[in-house]
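**Student:** Residues per chain are reported as follows:
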Amino acid sequence: MSIKVIRAGMLTSIQDLGRYGMQKHGIIVSGAMDPFALRVGNLLVGNEEREAALEITMLGPTLQFLEDSLIAICGGNLSPKIDGHKIPGWRPILVKKGSILEFGAARSGCRAYLTLAGGFDIPQVMGSRSTYLRAGLGGFQGRALKKGDILNLRAPSELANKMKDSLSKTTGVQLFSTSKWSVSNRLLSFYQKKTIIRVLPGNQFYRFTWDSRKKFFTRDFFITQQSDRMGYQLKGPQTRLSEPLELVSEAVSTGTVQIPPAGNPIILMADRQTTGGYPKIAQIINVDIPILAQIKPGEKIRFQMVTLEESQELYRTREVEIRKLKLAIASKVQR
Amino acid sequence: MPGHTSVELTPLGDTAVMVQLGQTINPETHLKVKKLAIYLDQNPIPGMVEYVPAFTTIAVYYDPLKTSYKKICSILELIVSRSEDLTDPKPRTVEIPVCYAEEFGPDLEFVAKYNGLTPDQVIDIHSSNEYLMYMIGFAPGFPYLGGISKHIATPRRKFPRLSIPAGSVGIAGSQTGVYPISTPGGWQIIGRTPLDLFRPNENPPCLLQVGDLVKFRPICREEYDAWKENAQ
Chain E
1 MSIKVIRAGM LTSIQDLGRY GMQKHGIIVS GAMDPFALRV GNLLVGNEER
51 EAALEITMLG PTLQFLEDSL IAICGGNLSP KIDGHKIPGW RPILVKKGSI
101 LEFGAARSGC RAYLTLAGGF DIPQVMGSRS TYLRAGLGGF QGRALKKGDI
151 LNLRAPSELA NKMKDSLSKT TGVQLFSTSK WSVSNRLLSF YQKKTIIRVL
201 PGNQFYRFTW DSRKKFFTRD FFITQQSDRM GYQLKGPQTR LSEPLELVSE
251 AVSTGTVQIP PAGNPIILMA DRQTTGGYPK IAQIINVDIP ILAQIKPGEK
301 IRFQMVTLEE SQELYRTREV EIRKLKLAIA SKVQR
Chain W
1001 MPGHTSVELT PLGDTAVMVQ LGQTINPETH LKVKKLAIYL DQNPIPGMVE
1051 YVPAFTTIAV YYDPLKTSYK KICSILELIV SRSEDLTDPK PRTVEIPVCY
1101 AEEFGPDLEF VAKYNGLTPD QVIDIHSSNE YLMYMIGFAP GFPYLGGISK
1151 HIATPRRKFP RLSIPAGSVG IAGSQTGVYP ISTPGGWQII GRTPLDLFRP
1201 NENPPCLLQV GDLVKFRPIC REEYDAWKEN AQ
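Same order as they appear, the protein sequences are chains E and W. Taking my numbering, I'd label the letters of the first sequence as residues 1 to 335. Taking my numbering, I'd label the letters of the second sequence as residues 1001 to 1232.
Rather than coming from a laboratory, the hints here were simulated on the basis of the structure. Among these hints, one or two may not hold up.
Within a straight-line C-alpha distance of at most 20 Å, the following computed DMTMM-like cross-link-like pairs (lysine to aspartate or glutamate) qualify [stated by the list, open to error]: (1) 1158/W x 319/E; (2) 1066/W x 319/E; (3) 1066/W x 309/E; (4) 1071/W x 246/E.
Can you build the whole structure from these sequences, using the hints too?
**Tutor:** In structure tokens:
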């Protein structure tokens, strides 16, 4: 089982849920920018949630399936097509050998995740298959995909084989067939609230001027072009410290909002460094990271404060929803 | 014996807690950080994902499904004082050969001029001290080494370089360090080591560990080339 890269797209790399336990050695976590989409995508093809997938950014690749494959595309809608026919996201799709997957305009969001039954047949490096682009390790040869790459897949799970069987009954002359069911809109509705990003106060929150703190929550911030997997640079009202502050470098986290001397916030994302020395005004809550992952440069956001108790409750609710989805998928297939 | 400090715990978002063990960079605070790291290695907290030590802090990352902020804080309060009772770890001394030749140390001349010294004096001073490795950050295995003589301390470059070769030895303010992989960077580069600091196929994947004592030994260009050849 394998797929061939005909065109690479803007930035297509293999990512899973990240490389944990190595940050103390300075090795970044990496992993999917939108972990929710990756996890759901894996469940839809009978994989473990944490299996590696292709993270596709803005301008998608062109890929050819060299065997019949069970796939799903989750996250942003980058107008995927198989042999010229539009295909829906957030559901399992059986594609026939030889068919070609292409992407078009980014209609909503900017990162799509292509999950494949079985997952990629590439070694884990330090417990993860995520590509660490700067250090050139993990993923497929430590780099983004290039034209001509051939990616092999491991054997699909028993659940995936059952899904394939039931979908193959419905394939006619078409080169693909999709399930009649998909992930419910209710579960995906949080992506729509995309201008509101919820945060907790950062460790140096009270070191910023009253005016800066007020504006941080009442004004819009724009995502600039200087935004990538490492971090998003924002533009909006200047954020100023009350008085100069010499900070000693310390650990940061995904979603840390730090303020460099120029006063424009930076949100640290999946490829962030492990430590930093800029004052931290806020910290994006875990469940809102997927929303940010799908926001394009030029779009605006507004910050809203929540409590730690609220955010950890939201985290647990999200996990329960994913667990329910897993059970629902299994029951669809068993029927 | 330092007295037991009251520990300062603050949330780092909803999946981590920051443990503050001191305010300034010094060997005593470092020892507290190191001991807590050793304690966490030996007795991982339920729900802990990993920890990241720095100059004055340790961040403990956790899974809110398996524990809560309150729970992890109450455990941390307990074990911080327990970790202080550990016997002082014996630091390893690691020697790093460095070739300070002009082609490897483009900023050696500047560092000398800035401090009113000759390049040879800078090399003498840099290679005579023993440096304490306080933390890793910025890049895989990038060591932040403290204990540099104030006679060679030099601020970062005004304009960072887009690419600094792996192995480059630099100075930034009162710190010295080595670039394990090629990255952009603003440190004053004074030499290069033939050793690989980042070893992705080994465990641990880095030559230097937090708490190590590091010594730089000057080598000539021929010796540098011989090291490189032997490594292949």
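**Student:** For every hint, state whether the structure bears it out.
**Tutor:** Now for the hints, and whether the structure bears them out:
1. Taken as a hint, the residue 1158/W and residue 319/E pair is broken in the structure, with Cα atoms around 47 Å apart against an allowance of 20 Å.
2. Of the pairs offered as hints, the one joining residue 1066/W and residue 319/E holds, with about 12 Å between alpha carbons and a cut-off of 20 Å not exceeded.
3. Under the criterion of a C-alpha separation no larger than 20 Å, the hint pairing residue 1066/W with residue 309/E is consistent with the structure, at around 15 Å.
4. Straight-line distance between C-alpha atoms of residue 1071/W and residue 246/E comes to about 31 Å, which puts the hinted pair past the 20 Å bound.
The structure fails to meet hints 1 and 4 from the earlier list, while all remaining hints are met.
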